[in-house]
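Undergrad: In case you want the letters, here they are:
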Amino acid sequence: MGALNVLVGVCLIYVAFLFFVAFAAERAAIRGRGGWLRNPLIYTLSLSIYCTAWTFYGAVGYAARSGLEYLTIYIGPTLVVVGWWWVLRKLVRIGRTQRITSIADLISSRYGKSNTLAVGVTILAVVGTTPYIALQLQSVTVSFDVFSESYGETLTRSGQDSNALWVACGLALFTIVFGTRNLDANERHHGVVMAIAVEAIVKLFALLAVGVFVVWGVADGLGDIYARIDASEIGQWQMRGDRWATLIFLSGAAFLCLPRMFQVMVIENEEEDHLRTASWAFPLYLMVMSLFVVPIAVVGLGTLPAGSDPDFFVLTVPLAQGNETLAMLSFLGGFSSATSMVIVAALALSTMVSNHIVMPIWLSTQSGGASVSGDVRHVVLLARRISIGGVVFLGYLYFRLSGGGTSLASIGLISFAGVAQFLPVLLGGIFWRGATRTGALVGLTVGFVIWAYTLLLPSFGTGTLIGEDVLIEGPFGWGWLRPEAFFGITGMDPLVHAIFWSILLNTVSFFIASLVGFPSPLERLQGAQFVNVYEHSTTPQSWSGNLAQSEDLMVMAQRIMGARVAQGLFEREAKRQGVSGLLPEPSPDFLQVLERELAGSVGAATAHAMIGQIVGGASVSVEDLMAVADETAQMMEYSSRLEAKSEEQARTARQLRQANEKLTQISEQKDSFLSQVSHELRTPMTSIRAFSEILRDSDRLSEAEKVKYSSIIHDEAIRLTRLLDDLLDLSVLENGQVSLNEQTGVLAEVLDHALASALTGNTQVSLQIKRDKARERVTLNTDLDRLSQVFINLIGNAQKYCDAELPALRIDVRRDSEKLVVDFIDNGSGISKADQAVIFEKFSRTGELRVSGAGLGLAICREIMTRLDGTVDYLPGQGGAAFRVVLPIQMAMAAQ
Amino acid sequence: MGRSVLVIEDEPNIIEAISFILSRDGWSVATHSNGHDAFGVVQDTMPDLVILDVMLPGKTGYDILREIRGAEGTQALPVLMLTAKGQVKDREIAERAGASRFMTKPFSNAEVLDAVRELVAG
Chain A
1 MGALNVLVGV CLIYVAFLFF VAFAAERAAI RGRGGWLRNP LIYTLSLSIY
51 CTAWTFYGAV GYAARSGLEY LTIYIGPTLV VVGWWWVLRK LVRIGRTQRI
101 TSIADLISSR YGKSNTLAVG VTILAVVGTT PYIALQLQSV TVSFDVFSES
151 YGETLTRSGQ DSNALWVACG LALFTIVFGT RNLDANERHH GVVMAIAVEA
201 IVKLFALLAV GVFVVWGVAD GLGDIYARID ASEIGQWQMR GDRWATLIFL
251 SGAAFLCLPR MFQVMVIENE EEDHLRTASW AFPLYLMVMS LFVVPIAVVG
301 LGTLPAGSDP DFFVLTVPLA QGNETLAMLS FLGGFSSATS MVIVAALALS
351 TMVSNHIVMP IWLSTQSGGA SVSGDVRHVV LLARRISIGG VVFLGYLYFR
401 LSGGGTSLAS IGLISFAGVA QFLPVLLGGI FWRGATRTGA LVGLTVGFVI
451 WAYTLLLPSF GTGTLIGEDV LIEGPFGWGW LRPEAFFGIT GMDPLVHAIF
501 WSILLNTVSF FIASLVGFPS PLERLQGAQF VNVYEHSTTP QSWSGNLAQS
551 EDLMVMAQRI MGARVAQGLF EREAKRQGVS GLLPEPSPDF LQVLERELAG
601 SVGAATAHAM IGQIVGGASV SVEDLMAVAD ETAQMMEYSS RLEAKSEEQA
651 RTARQLRQAN EKLTQISEQK DSFLSQVSHE LRTPMTSIRA FSEILRDSDR
701 LSEAEKVKYS SIIHDEAIRL TRLLDDLLDL SVLENGQVSL NEQTGVLAEV
751 LDHALASALT GNTQVSLQIK RDKARERVTL NTDLDRLSQV FINLIGNAQK
801 YCDAELPALR IDVRRDSEKL VVDFIDNGSG ISKADQAVIF EKFSRTGELR
851 VSGAGLGLAI CREIMTRLDG TVDYLPGQGG AAFRVVLPIQ MAMAAQ
Chain B
1 MGRSVLVIED EPNIIEAISF ILSRDGWSVA THSNGHDAFG VVQDTMPDLV
51 ILDVMLPGKT GYDILREIRG AEGTQALPVL MLTAKGQVKD REIAERAGAS
101 RFMTKPFSNA EVLDAVRELV AG
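Keeping their order, the protein sequence lines are chains A and B. Using UniProt numbering, the letters of the first sequence correspond one by one to residues 1 to 896. Using UniProt numbering, the letters of the second sequence correspond one by one to residues 1 to 122.
It is worth saying that the hints were derived from the structure and are not from the lab. Just so you know, not all the hints are guaranteed correct.
Heads up, simulated DSS-like pairs for lysine-lysine below, C-alpha to C-alpha not over 30 Å straight-line [stated by the list, open to error]: (1) K833(A) x K819(A); (2) K800(A) x K670(A); (3) K85(B) x K833(A); (4) K59(B) x K706(A); (5) K800(A) x K85(B); (6) K770(A) x K833(A); (7) K85(B) x K670(A); (8) K819(A) x K773(A); (9) K85(B) x K708(A); (10) K833(A) x K59(B); (11) K59(B) x K85(B); (12) K833(A) x K662(A); (13) K670(A) x K645(A); (14) K89(B) x K670(A); (15) K59(B) x K89(B); (16) K89(B) x K800(A); (17) K85(B) x K662(A); (18) K59(B) x K800(A); (19) K770(A) x K800(A).
Make a model of the complete structure from these sequences and hints.
TA: What follows is the structure in structure tokens.
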């Protein structure tokens, strides 16, 4: 019993040493002399809690059983630290800006500060970690056992149990003392970190010592070791790609998702920059840890009697060689590995349990809510301490129930696979804004159910929790649901099978549920902040309204943070707001700051709920969210408005250009019209002036000359008058100021009148008129004077321009159901095609024909016919000049 | 000795008036009333002076003037232009085309007579 007492004594001394280290570190930190505590190497060493007793003892056992496969457990984290340091950096940044207290807090905070999610993650983390804690207790107990056996003292089962219990109590005590000194879980636990850093050195040193001893003490140096490796089964070992890929993925995922890893990596991180050092130093540490694993395994297999547990070769090889000091050191290494893991795991889990389960329950049982006076810090601390005890006790319980039969490695892997289920939700949460709370819940649930069904339950052994029939034929005989062969896919390694299906279905359901569901405003806000953590230097306001009473907030804050800290915070905030006194205005800004401070103590969900209780639940309002959305929308609207504006301007410019062109055109038309009018007026005036001067100045004029010149003056005066009349007429017609004088008459009479007017006064040319009077018996109801004016014009033109030897004009009348058509066709040479196009324009003249008239006649005709709802057009292809006048039938009424 | 004037004008009454005025003053007057072959008539008759209307059927007075100024023999021929379009730009065009004198209708008989005398004498 003596040696065992020595062992216990050494353990106690070692634990006392750890207490001292932790205590010294805390004091140094409090006194502000803890600069060396912020060394990145300390941070890196603290990460080594990844290497637990499983790694310390189990890796050798793993190598003895499965060859180099144990390396996967080191490769996974190495890849993450080296290749995914930017993921870690983002996690650290988010943890810092959001004052995250645990992985459950991170996930719940990301998905709208959902407490349901926090509770779920917490429970799952506890379920996943408990076997692992049991594993540590088991390793410590068994290592005791190994020692006692080597001294011929066999411990009873109850002795083992009590050993485990004592160890558990010691670890719980340590964690409580150094893990719950300060309520703010977000603050660093310098004592704990320092202690585990020391333990990291101890376990590395112990393993190296054993390795060196094995290589150069037992074997004859490296050459001998290589020979032994070649000779052993390990040398014959075959690599299995699927298991390697799965295990590397699994260990990498676990490295990110294990609550204790999250604790040291994110929560205890002093500076983001430390990750830089860790990214090379930590893989180096892992490499050194794995260096002597194979030699120890080979030597153990070769020197120890068959049937020895390879999981404890690290201990049994030195013992068998009689090197008790080294064995003692090795034991301390294993002890260190186990204790550091349990301490940090208990710390991480207790924070989660107290923040997400105990505190919400306690808050809801307090009728007065959080603003009831009295310090509640002791409640929070008590909750945390009890949680630590509870977590460690659960591990102990698992250890008792499982009987410690399973190999270390397989328990470790099951645990890894459990926490790996957080991965999709975690990564989705920080990289994908579309991830929703519902998606996270569904994904986690699916993943954990499959994990439990395919890996956890079968691990208890066939026939305990899962019947043999289920394993072989599936539940209720459903073959496709066999725990180790989903969908009938057989032949997969059970571990690979479980990981593949749980992670795949977890991820898929997480995505689908996220895509299908609709996130709440707060989820969107948090999602944006997590995903864009680098862009958001400040958190947007998630509180609205002035409903909160500062005093209530003060009371609550004091109870959570302590009077001194709370008052300091309120005073600072009041000063920042420029408010005199100690109470700041309950602005959304301030509420945000307060919530973040509280979150550091009790987690995001609880802090949110506490403030919500006082503020009245007016969390982020739809209006606030709309304001955030509006910013984007406004930008878009603004740019689209600009676009529309420039389009509108372009349109206006186009219209202006068109208007300008039209104006220019009109102006040119006006100029040319005036020029033409001027010409038409000046020409007769020239004759009038010239002949009147001749009459005045010449006294030798004959009587005939006098008469002739007087008639020229007379005719030109009439021409002038007619021109002025035409101009005025056209002007009136064009401006639409003409009033129609509707009368009823017969077409034949209108034509008679027109012919009489047109043909009088010009007797030189006799124009023969051809008519069919019978067809002209059509009664008209229109402005007969205007119609007559058109006819006169057309007849007059024929008379003036018809160049036939015996000029003749045929007047054809025809009517159908819709219109009355009157054609005027002469027997001249007609009008050329080019002229046909312009004859209806003002002052247009055809060819060289220049008898009289200003060229306004046809323009007037067209205006008149437009007024009468009819038309006048040139009728081509008739031999001579031909014009067609068309009147609508309602104007023309058939004669009786 | 040729005191001859060619009047190119399409308005019969104006032709008659100008002819009367110039004949009375002792000028021999030839007339022509369209633009097409006016330049040919100028070359054929080689008058001492041409009175040229702008608005002519077939060809404008400006074009005829450019033909006169562009051809050997008629280059220096005095040309009195008459137009019923009394705008400034018409005068500019006429001057650029090389009109010796430019008059707007209606004119006084004495004015025309003075201009013709001056142009032929100068």
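Undergrad: Going straight from one Cα to the other, do K85(B) and K833(A) come out at no more than 30 Å?
TA: Judged against 30 Å, a Cα distance of about 28 Å means the pair holds.
Undergrad: Under the criterion that the straight-line Cα-Cα distance not exceed 30 Å, is the pair K59(B), K706(A) satisfied?
TA: 34 Å, violated
Undergrad: What's the verdict on K833(A) and K819(A), does the C-alpha distance respect the 30 Å limit or exceed it?
TA: 27 Å, holds
Undergrad: Check the hint pairing K59(B) with K89(B) against an upper bound of 30 Å on the C-alpha distance.
TA: 19 Å, holds
Undergrad: Do the alpha carbons of K800(A) and K670(A) lie within 30 Å of each other, as the hint requires?
TA: Holds - the C-alpha atoms of K670(A) and K800(A) are around 28 Å apart, at most 30 Å.
Undergrad: Hint check: K59(B) vs K800(A), CA-CA at most 30 Å. Holds or violated?
TA: 23 Å, holds
Undergrad: Has the given pair, K85(B) with K708(A), been kept, meaning a C-alpha gap of at most 30 Å?
TA: Distance ~27 Å between K85(B) and K708(A) Cα, so the pair holds.
Undergrad: Next pair to validate is K85(B) with K662(A); report whether the Cα-Cα distance is within 30 Å.
TA: Roughly 25 Å between the alpha carbons, so the hint for K85(B) and K662(A) holds.
Undergrad: Please verify whether K770(A) and K800(A) have alpha carbons no more than 30 Å apart.
TA: Roughly 17 Å between the alpha carbons, so the hint for K770(A) and K800(A) holds.
Undergrad: Assess, step by step, whether the Cα of K59(B) is no farther than 30 Å from the Cα of K85(B), and give holds or violated.
TA: Judged against 30 Å, a Cα distance of about 16 Å means the pair holds.
Undergrad: Sort out whether K645(A) lies within 30 Å of K670(A), counting only the CA atoms.
TA: 36 Å, violated
Undergrad: Given the hint that K89(B) pairs with K670(A), does the C-alpha gap stay at or below 30 Å?
TA: 15 Å, holds
In this structure, the hints that do not hold are numbers 4, 13 and 16, in rising order.
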